[in-house]
Amino acid sequence: MCLSAAAWGQTKITGTVKDEAGEAMPGVNVLIEGSYDGGSTAMDGTFSFTTTETGSKKLFASFVGYQTFSKNVDLIEKNISIEIVLKESVNQLDGVTISAGSFTAGEEKRRTILKPLDIATTAGATADIAGALNTLPGTQKVGESGRLFVRGGDGNETRTFVDGLVVLDAYGAAAPNTPSRGRFLPFMFKGTSFSTGGYSAEYGQALSSALVLNSKDKAEMNQTDIGILSVGADVAHTQVWNRGSASGKVQYTNLQPYMGLINQRIDWIAAPVSMEGSGAFRQQVGKDGMVKVFGNFNRSTFTLFNHDIADVSIKQRLDLTNNYNYRNVSYTQGLGKTWSMRGGASYTFNQNDLTVQSLPIGETEKGVHTKVVFENSPNEKLNVRMGAEYYDRFYDAYQFNSTSGFSEKIGFREQLTAGFAEAEYIANKHFVLKAGARTEQNSLINQASVDPRFSMAYKPSIKGQFSFAYGLFRQSAKNQYVRTNTQLNPEKAEHFILNYQLITDRKTFRVEAYYKRYFDLVKYVNFDASQLNNAGSGYARGVELFWRDNQTFKNVDYWVSYSYLDTERDYLNFPEKAVPNFGSQHNLSVVYKHFISALKMQAGVTYSFTSGRPYFNPNNDKFNNDRTPAYQDLSVNIAYLPKPNLILYFSCTNILGNDNIFGYQYANTPDANGVYASRATRQAADRFIFLGVFITISKNKSIGQLPNL
Amino acid sequence: MKTITFLFAVILSTQVFATDSKYIEQMSKHIQAVYAAETPEQYQDAVNAFERIASAEKTKWEPYYYSAFGWVMLANKEKEATKKDAYLDKALAAIENGKKINANESELVALEGFIHMIRVTVDPATRGQQYSGMAFQLYGKAVGMNPENPRALAFLAQMQMGTARFMGMSTNEACETAKKSLEKFSNYKSENPLAPQWGKGMTEGLLKQCQ
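First to last, the protein sequences are chains A and B.
Residues 1 to 709 in our numbering are what the first sequence lists, from first letter to last.
Residues 1 to 211 in our numbering are what the second sequence lists, from first letter to last.
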């Protein structure tokens, strides 16, 4: 009686769970949906349980890292036997990703090469994003510029995007031959993706490189931060509410006292002074929407004397005022189960007003970029992205003509309408393919274009993977050329990249080879700067190595980057194909960070080496055939945390005081002996020493600056 | 008519009672198991059981709480960072499901903070800033929701202790919180037979460092 009652209404389900390779899987959860009934598989992958459920029910089998198996079963009081094969989930943390050309910092759970914090803690970078990225392979150090020169490309071939929206004039104003700093602080961003080629169809108007910065989400706590620096001071406050946050920062920088103390090779009348303010606002909207607003302004001024090369006693006074404004509004929103959208607009205003010997000259650039992107991911294997963009850019330059007594103006307006579509297909844990295209319609030349982009990755084992990327890229010529000839075509480049990457938890090895073809580069007609066409061309090819290890030595994290570059181009005033002056053949960086917890300190050392750069010596016949001495720099930094909310920071670049020469400038006309006088372009000072005290005031005393160390 | 209504009510209530007693009986059994577990296999079995119960009981937060707890323990046992993160992702997903049922449960919020704290241990230098801030916020929120929750105070004390020791500073603040936590553990009473009971050892361990 009891026995039959127990058997009545019960179904026994048995079976085994295996993976795709046929290996038995223990610990898999097998269950009947909506019931208590089920069990875990044993060591040999078998399971067995009874259920009192009847009718058609769903049976699930799940295990971490695998796609959940589901099957309808008819429970009809009979024994059921099921063989289950679980497939590995394709988007796992150690799954295949396309790594050709890109360095991603962020998405901290993924195994990434660079962490967001690295940017702030790299010695020699002085918390400048470009400074830190210059220690990665693919970049060529151009010490007098401070910008990112990527794979034989000029500094303006790298474009900066914040939350997907373009930033015009992303670097601050700097005196001639002194490095400029990026306009955005690394702490603003949760993720940085630096691509040295082959990037997604989403990013246009960038010939060599895309620097994609993703701003932080809602702040977590109220706090006030105060910084007292050897070159100024800043104060910031963050206010948090239930579903949003707002923060603001003002910074005043004055290099006058510092430059009074440390002898400079620049004849300053008034050293750079700048006032800067920024604000950020975050608000969650609805279930998964997020609005981000960011804005900053900057006003900087300086005055100096430029000395004549042939006769240093002849000097020319130069006054500069730079006004800069950047606004960015972006919105992300989920749309149902598989769709999502993001969109936004950015506005840049940049104005340089100079007086050269009290003659006014200057330029203004204003630009709007709007973008909307829709993404659909119907399953974990497929992701489709499409978007539309509109750029509207005004550029004006003026120059006072002392003969006519009038200010002459020259400028242009460029409107671009762009669209892109891209699909990523993850076939399995080993293979991913991405293909897309970008179209652009340019109002100035009334021309439409289509640029294909393609990339793929193959990961044969859990650690190593191969990637390949190809793409066609275009970028409008520099403003100074378009204003002379508005009918210039965009400059173009084609990238081919092959990459191998081996990553374990705490070690990374990476090697990348590439070939880049430049065409339609701007070229002077008969050496006449007022007549421009697109007859220029060039190439760049190279091999790059990267090794990072924070495992072998306790509390030590170090990386080594090496880039080999072979490049030539025939553009602008070049009489023939030659290596441009920013194209150095060998670049090496060694970055070392040591965390000394007993002393509550982090110390860092960065060594950089750049082989001699070409320059044109008019006393020699061959163009760009001379080479500067090699560049070497050893920089150090120390961060010390005496209290959780207090950080003391010291950094010094080029501590050995190497006299680095970036190039030579020559007089326009030869002297009486037929020799062109020259002057070396050197660092403004051998070293740059920086001291800072940073204080955080918040309700939570235990956090403060601790995370920043 | 009245009788019928009465009978109907009795039948209904016994049914509710019947399922609830099955729920409590099953939960109690597996809660014992997860507290007693030592090997990853034992934790996985317990987690699987809680996930099954959660699939049947759509209005109970406890199965999600305990499966999250099990995932956290699995993460603690795991050495490889990517796997650790995968377990913590599972734990967080369980907490999210639990919060959909009861958004005001202090225990869920406290455990969520603890998940972030474990996240920090994978890569303290990189993750400290983001995740320790999140953990701190959630501990504060959990204490606010239920000042009697001894675990929320225990987590908070642990965090304060870690910072104080790292900085070589006074551990007074941490010890005060730990003391308070122990008091709450001693007086802890819950009408819920399935309420979490663990964590007293953690507080006692902290208090040992205070002497």
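A few of these clues could be false.
[To be verified] With a straight-line cut-off of 30 Å between C-alpha atoms, the simulated BS3-like cross-links for lysine-lysine are:
#1 Lys58(A) / Lys60(B)
#2 Lys208(B) / Lys218(A)
#3 Lys100(B) / Lys218(A)
The hints are simulated quantities; they were obtained by calculation from the structure and are not laboratory data.
Hint by hint, here is what the structure shows:
no.: 1; hint: Lys58(A) / Lys60(B); verdict: holds (21 Å)
no.: 2; hint: Lys208(B) / Lys218(A); verdict: violated (38 Å)
no.: 3; hint: Lys100(B) / Lys218(A); verdict: holds (21 Å)
Checked against the numbered hints given earlier, this structure breaks only hint 2.
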